[in-house]
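Protein chains: 2
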Amino acid sequence: MYISELDTPALTVDLDILERNIAQMATLCQNLDIPLRPHTKTHKVPQIAQMQIEAGAQGITCQKVGEAEVMVAVGIDDILIPYNIVGKPKLERLMQLAKQATITVAVDSDITARGLSEQAQKDGATIQVVVEMDTGSKRCGVQSPQAVQALAQTIVDLPGLDFQGVMTYPSRLEAKPFIDETLELLRKDGISVSMVSGGGTGSEVNSKQIGCTETRSGSYIYEGMQRIGPETVNPETCALRMIVTVVSTPTANRVITDGGMKAFTSYPPTPYGYIIEQPEVKIYGMSVEHGHIDVSGSSHRFQVGEQLSVIPVHQGMTSNLHDELVAVRNGQVEAIWPIAGRGKVK
Amino acid sequence: MYISELDTPALTVDLDILERNIAQMATLCQNLDIPLRPHTKTHKVPQIAQMQIEAGAQGITCQKVGEAEVMVAVGIDDILIPYNIVGKPKLERLMQLAKQATITVAVDSDITARGLSEQAQKDGATIQVVVEMDTGSKRCGVQSPQAVQALAQTIVDLPGLDFQGVMTYPSRLEAKPFIDETLELLRKDGISVSMVSGGGTGSEVNSKQIGCTETRSGSYIYEGMQRIGPETVNPETCALRMIVTVVSTPTANRVITDGGMKAFTSYPPTPYGYIIEQPEVKIYGMSVEHGHIDVSGSSHRFQVGEQLSVIPVHQGMTSNLHDELVAVRNGQVEAIWPIAGRGKVK
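Sequence lines, in order, name chains U and A.
Just so we're aligned: the first sequence equals residues 22 to 367 in our numbering.
Just so we're aligned: the second sequence equals residues 22 to 367 in our numbering.
No lab work stands behind these hints: they were computed from the structure.
By construction, the Cβ of each residue, glycine as well, lies at the ideal position given by its N, Cα and C atoms.
It is possible that some hints are incorrect.
DSSO-like cross-link-like pairs, simulated, lysine-lysine; straight-line CA separation at most 30 Å [to be verified]:
1. U/Lys303 / A/Lys159
2. A/Lys159 / A/Lys109
3. A/Lys367 / A/Lys120
4. A/Lys303 / U/Lys159
5. A/Lys109 / A/Lys120
6. A/Lys109 / U/Lys303
7. A/Lys120 / U/Lys303
8. A/Lys159 / A/Lys367
9. U/Lys109 / A/Lys120
According to the in silico footprint, chain A covers these stretches of chain U (three or more CB under 8 Å from chain A) [stated by the list, open to error]:
10. 156-165
11. 182-188
12. 229-236
13. 259-269
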């Protein structure tokens, strides 16, 4: 089947670019001598996670238990969930996973640690734990090396938990003093650290320099416009394309497509995407079910029924809206992969 | 099951409020003597569409063929799709629907009309058609009464198509001259008009005043913050609530929940939602998987594990992210409805 035969809006990935992005990041991390633990929240596709592991990744990162469930279901056996897992339904699901694979979770409070320990004991499971540090991103995470030290001791003392080390996001050079002091405090307490996990696509060198034992990278898989900026978007490195159809050409300057916010997500609001066939035109707006294109800057005459290939802005949010990813090579459909992690927000 | 036992983030609807919103809009339209054709893109739940029909709606509106498919599957037999349906895969699906129910679609170009006619002939189906008018919203739609006249004649002449009339969105009083002139031109041509469809929650009176034969309203179902504005949000009329869990309390001023942009969508960026239990606090940001709350304005002491009920900003975009809607009355779960139209962007 050719791309042109697809019903639209259709989320597609160019396999040549995808394979190149995977290989390049694998090589980068090998050259840096830092293990890679790809974040699958960007793509949510088990087949792509398996490609990343085959390329040398030591395991994967999933942001939610539901994402980890679909990855364990295809046999992936080493997963970091850098998230405080709280509440009975999630703890029960987590322990089922921990019986099938090596599962590591982040904690930043006594309450989270104790909840994990209680459920692990109840279910006869063991869960690996890292302490999340806030090294400047002002989201979750304990606030000082001393707080890591105290929480680490609590974790070491709690049954069912296996203390591994620490994690932060993103890997900034400014985090080094915090990490160094933390590791020194833990060393003095005789608490061994096997994992210092850092992350963020583009921060691989930083992860190495601040002493991480692994680096988590997600958005490199599609090389999205959000990270690299609209000025430097490059169809040769951006693997994801939304195929949309022109449904209306109401005026000489305005073209409307069938891909709106429910296909692309609404974040961030501009520039809404890059049209590969006509990069000179501008997607000036989106309503919920329509894309609005200003074609005044183009000599191309758009026709109702014509298909356009759009590089979405936020590749992870966009992937989360679709059930299927169409894998394409040279304009032909090679496979249709379920985006099995889509909607797994629990 | 109590709400407090739900895994989170959980999208819930308060049944008392939902039933009241449905009854109030039905009464409003009866009093105005204008038929109501609810837009189901806001909720995407067949059970709610059936409640709207039981309350007197004459049919429903669906924005995409995929939404109409899930509604026809439960026996709803009168559906307007106010959209230009273009391309073979969609036309084939549309004609299958048209054999099972009365399906009306909008067109604003010869190309769309001819595509519909060809497929209708091929499949032995008949499709009802209205011409979409652009009466000021600058999206799809023909630009003048004369353009309606010409396209209407084309539709009347094409086999397989049954011309019904015109549609616009939203119903503005300024549209009356356009509509009046159009109807006069069609009358002179001897083309009979049985449908003048207007829409927009809050525009019911306008629809009546500009001569519509029906009014399409969607967002009234949940009475969302986006329409009424953050200042006037009222938990007694807003039916949708996202239950989230506090997963981190890293500092005295900051609380993090497990509901981020993948649960709430990112549009519009502020104010991100209204917390029913603590309306004095502010959701100041969301990352993809976390909600960020500034609690400096509250004396309440938030705890990891605590649940919060958030009224989302954009109810239709939020519903489109979730597989299930939990129907709740007095804090107890009465039903779990599949959001069968979720992700139906084709």
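Are A/Lys120 and U/Lys303 close enough, with their CA atoms no more than 30 Å apart?
Answer violated: A/Lys120 to U/Lys303 is near 39 Å, above 30 Å.
Do at least three Cβ atoms from the segment 156-165 of chain U come closer than 8 Å to Cβ atoms of chain A?
holds (count 6)
Would you mind confirming whether the straight-line C-alpha gap from A/Lys159 to A/Lys109 stays at or under 30 Å?
Given that 30 Å is the threshold and the Cα spacing comes to 27 Å, the pair holds.
Decide if the proposed pair is consistent with the structure: A/Lys159 and A/Lys367, CA atoms, cutoff 30 Å inclusive.
holds (23 Å)
Holds or violated: are the alpha carbons of U/Lys109 and A/Lys120 at most 30 Å from each other?
Violated, at roughly 48 Å.
Verify the proposed pairing of U/Lys303 with A/Lys159, using a straight-line Cα cut of 30 Å.
holds (16 Å)
Satisfaction of hint between A/Lys120 and A/Lys109, Cα-Cα up to 30 Å
With Cα atoms ~17 Å apart, A/Lys109 and A/Lys120 stay inside 30 Å; holds.
Between A/Lys367 and A/Lys120, is the straight-line Cα distance small enough, at 30 Å or below?
Roughly 19 Å separates the two Cα atoms, so the pair holds.
Are the Cα positions of A/Lys303 and U/Lys159 separated by 30 Å at most?
holds (16 Å)
Under a C-beta cut-off of less than 8 Å, do 3 or more residues of the segment 182-188 of chain U approach chain A closely enough to confirm the stated coverage?
Violated: only 0 residues of the segment 182-188 of chain U have a Cβ under 8 Å from chain A.
Check of the segment 229-236 of chain U against chain A for coverage (Cβ-Cβ below 8 Å, three residues minimum):
Contact hint for the segment 229-236 of chain U vs chain A: violated, 0 residues under 8 Å.
With the threshold set at 30 Å, check whether the alpha-carbon distance from A/Lys109 to U/Lys303 stays at or below it.
Since the Cα atoms of A/Lys109 and U/Lys303 sit roughly 27 Å apart, the hinted pair holds (cutoff 30 Å).
Checked against the numbered hints above, the structure violates hints 7, 9, 11 and 12; every other hint is satisfied.
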